[in-house]
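Chains as they are written, first to last, in the numbering used here: chain A, 1 to 155; chain B, 1 to 475.
Warning: the hint list may mix true and false statements.
As the list claims (entries may be wrong) - On the chain B side, residues computed to face chain A include the following (Cβ under 8 Å):
(1) T297
(2) F302
(3) S311
(4) F314
(5) S318
(6) K387
(7) S389
(8) L392
(9) I420
(10) F424
(11) M426
(12) L430
(13) A437
(14) L459
(15) A468
(16) G475
Think of the hints as simulated: they come from the structure by calculation, not from any bench. Everything numeric in this text was worked out from a predicted model, so none of it was measured. All C-beta atoms in this analysis are idealised placements derived from N, C-alpha and C, irrespective of residue type, glycine included.
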Amino acid sequence: MTDQTPQKKQLSQWWQWAILSILGLVVFFAPIPVRATAPTDRIIHIDARRFEYDPAILKVNQGDRVTIELVATDVVHGMAIDGYNLETTADPGKTARLIFIADQPGTFRFRCTVTCGNMHPFMTGKLEVGQNSLLWRAIAFTGLVLIAGVWLGRK
Amino acid sequence: MTRLQEIPWVEKVGLNEPAAQSQKRLQSPGRLNLYRLAWLRPLIESQWPQFLIRILTLAGFVFTIAGGLFGSLVGSHNIAIIFVWIAWWTALKLVFIPFGGRSWCSVCPIPLPGDWLQQGGVLETGRRRFGLNLRWPKRLRGSWMQSGGFLLIGLFSAVTLTDPQVTGWVLLALFGLAIGLSLVFEKRAFCTYLCPIGGFSGMYAQTSPLEVRIIEKEVCLRHDVKSCYQACPWGVYPVAFRDNSACGMCMECLRACPSDNLALNVRPFGTDLGRQKTSTRLDETFLALVMLGSVITFAAVFTGPWGWLKSAAFEIGSLSWFGYASAYLAINLLLLPAFFSMAVWAGQKFTGTWVSLKRAIATQAQVLLPLGLMAWIAFTISFALPKLSLVLGVLNDPFGWGWHLLGVTDIGRMVNTAGISMIFQMILLLVGLFWSASVSRKLSAKSEKKSPHLNLPVLAFSLIFTLAMLWLLVG
């Protein structure tokens with residue numbers, strides 16, 4: 001092991017933190033490559049029943065024109081999509097429709113808007129528009145965070 | 001009255017700590033004694049401000065129980081659900097514990113009637129005592145029962161969190177149990193050994209930037225009356241504090257000390273973490289693992305898109321509920337303890353370090369505390385933030401009977417916090433991982449071999465947990 005003077009050691013640590021910060025900025029801002037796809041019309045049929053949407057995970061591409069057909073199979077259910085400011089309500093046996101262009105990429109929760117039972121506040125589903133870049137960035141950050149915590153944080 | 005020599009932990013504590021070490025700790029430049037601030041001191045010194053807050057929380061608690069038992073059956077329209085599981089829970093996780101340790105315990109209404117009965121008055125301490133004043137059984141000490149209580153809540157969480165009547169009955173049962181135990185056992189037996197909230201508040205209090213500590217140990221050792229210990233409703237002796245877990249932040253010791261030898265310090269976050277443990281007790285490790293297992297299960301049940309899982313957790317007694325209960329217990333009682341123990345064992349094997357495995361596990365469990373605390377905060381934000389607007393709704397109509405106490409209508413809608421909430425959750429989980437890695441590094445530096453590789457398997461455990469939480473909350 002080499003003996004470093006305190007000044008050299010401090011400088012070296014400063015550089016390490018600087019590199020890590022730059023890497024952090026790259027992870028946060030770097031565009032994630034997306035496979036180009038032509039926008040298409042998508043019709044998605046969802047059955048809503050006590051505390052559950054079926055299917056609960058919807059995947060579309062950015063730019064798709066999406067039509068959601070919501071059918072309540074037991075009691076009245078609703079559907080509001082976070083981030084898209086869209087909402088509808090379906091009476092039992094009837095179909096309610098939401099039509100929108102999936103122009104915002106990312107993962108969005110949708111929730112029931114009509115009190116339908118005890119677990120109503122937790123009746124949720126997930127709309128994935130393109131890639132979930134936040135998750136991929138978060139995973140990349142975990143690596144940087146571990147390096148920062150273990151390696152650079154040492155005295 | 002318990003004699004000081006009978007306190008089980010007192011011989012293990014700092015009484016043989018070298019004086020120089022004690023001085024070094026006390027003179028640490030990173031601490032600010034709030035009790036010396038002229039404007040704050042009277043507020044702490046007088047019992048009245050704290051007493052008034054506790055009276056308010058007691059009134060709110062009784063009102064909440066009444067709301068749960070007699071109000072609307074719709075959770076989002078009932079004060080019991082919204083106030084307890086949204087407002088109070090959020091405040092506990094986001095404010096009280098991370099910034100004040102067990103500060104909630106200092107204003108908690110549950111032990112109040114028991115305290116009054118034990119001390120024979122509202123503000124007088126120790127005049128006359130009702131009850132048997134027995135010592136808590138030795139074999140039931142530690143946080144094992146608190147972990148059990150939390151597991152029990154977890155098994156029935158989908159109902160407890162959504163059914164106002166169940167919430168009302170649970171609160172009433174806790175209240176009755178605390179009063180009953182105060183008549184049988186000395187001091188705050190319920191809070192110390194049974195309260196599930198007290199268990200994890202105490203454990204995570206080690207991360208908080210607030211502490212009550214003695215200033216000069218020699219002054220305490222010379223003082224034979226031990227008035228701080230006599231005044232403490234928890235029955236703890238401040239000289240013995242090595243971390244925050246046992247201190248209920250009630251400030252009675254500061255008020256009682258005739259030598260003004262106690263301090264309410266602000267310190268860096270997580271100061272208690274990173275010490276080599278001398279004890280082989282595993283109760284805190286188990287509680288830390290139960291908190292990890294519970295938060296990951298609750299994140300899947302309450303924020304995940306899987307309706308079948310929500311139904312399984314809710315339909316108590318059904319076959320699917322037994323499946324959910326078995327999986328929940330298997331995660332908490334088998335999988336996480338087994339994986340964590342294997343990680344600690346592998347870390348020892350990897351570096352050829354051999355201390356007692358139980359002691360190593362107890363020491364390495366400190367890595368789990370920031371990880372768990374941040375995961376709970378992230379989870380709380382994910383489910384509570386969109387529903388905070390409902391708090392105004394139940395203030396307007398606490399029982400769901402159509403009242404308009406605030407004179408407003410249509411305030412029950414959830415707030416759209418989608419984008420910002422997920423970014424917050426991601427940051428919190430990453431902070432938790434970074435903090436855990438820092439604690440791990442601190443432990444390595446203090447280990448016999450000072451190996452930087454000692455805790456890599458435990459770090460891998462933390463990494464996998466963080467990735468799982470990221471997937472559940474952000475994915």
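Hint check results:
Look at T297 of chain B: its Cβ only gets to about 13 Å from chain A, farther than 8 Å, so that hint breaks. Contact between F302 of chain B and chain A, as hinted, is supported at the beta carbon level, the nearest pair being about 5 Å apart and thus within 8 Å. With a cut of 8 Å, the hint placing S311 of chain B at the interface with chain A holds, because the nearest CB-to-CB distance is about 6 Å. Residue-level restraint check for F314 of chain B holds (minimum Cβ-Cβ distance to chain A is 5 Å; threshold 8 Å).
At about 13 Å, the closest approach between the beta carbon of S318 of chain B and any beta carbon in chain A exceeds 8 Å, and the interface hint on this residue is violated. This hint holds: K387 of chain B has a C-beta 6 Å from the nearest C-beta of chain A, less than the 8 Å allowed. Hint on S389 of chain B is violated. Least Cβ distance to chain A is approximately 12 Å, over the 8 Å limit. This hint is violated: L392 of chain B has a C-beta 16 Å from the nearest C-beta of chain A, more than the 8 Å allowed.
Interface restraint check for I420 of chain B: the shortest CB-CB distance to chain A comes to about 10 Å, outside 8 Å, so the restraint is violated. Checking F424 of chain B against chain A: minimum C-beta separation of about 11 Å lies over 8 Å; hint violated. Taking 8 Å as the C-beta contact cut-off toward chain A, the hint placing M426 of chain B at the interface holds, the least distance being around 5 Å. This hint holds: L430 of chain B has a C-beta 5 Å from the nearest C-beta of chain A, less than the 8 Å allowed.
Against a cut-off of 8 Å between C-beta atoms, the interface hint on A437 of chain B holds, since the closest Cβ of chain A lies about 2 Å away. About 7 Å separates the beta-carbon of L459 of chain B from the nearest beta-carbon of chain A, less than 8 Å, and the hint is met. Because the smallest distance between the Cβ of A468 of chain B and any Cβ of chain A comes to about 11 Å, over 8 Å, the interface hint for this residue is violated. Below 8 Å, beta-carbon pairs count as interface contacts, and G475 of chain B has one with chain A at about 5 Å; its hint therefore holds.
Against the hints set out earlier in the document, violations occur for numbers 1, 5, 7, 8, 9, 10 and 15.
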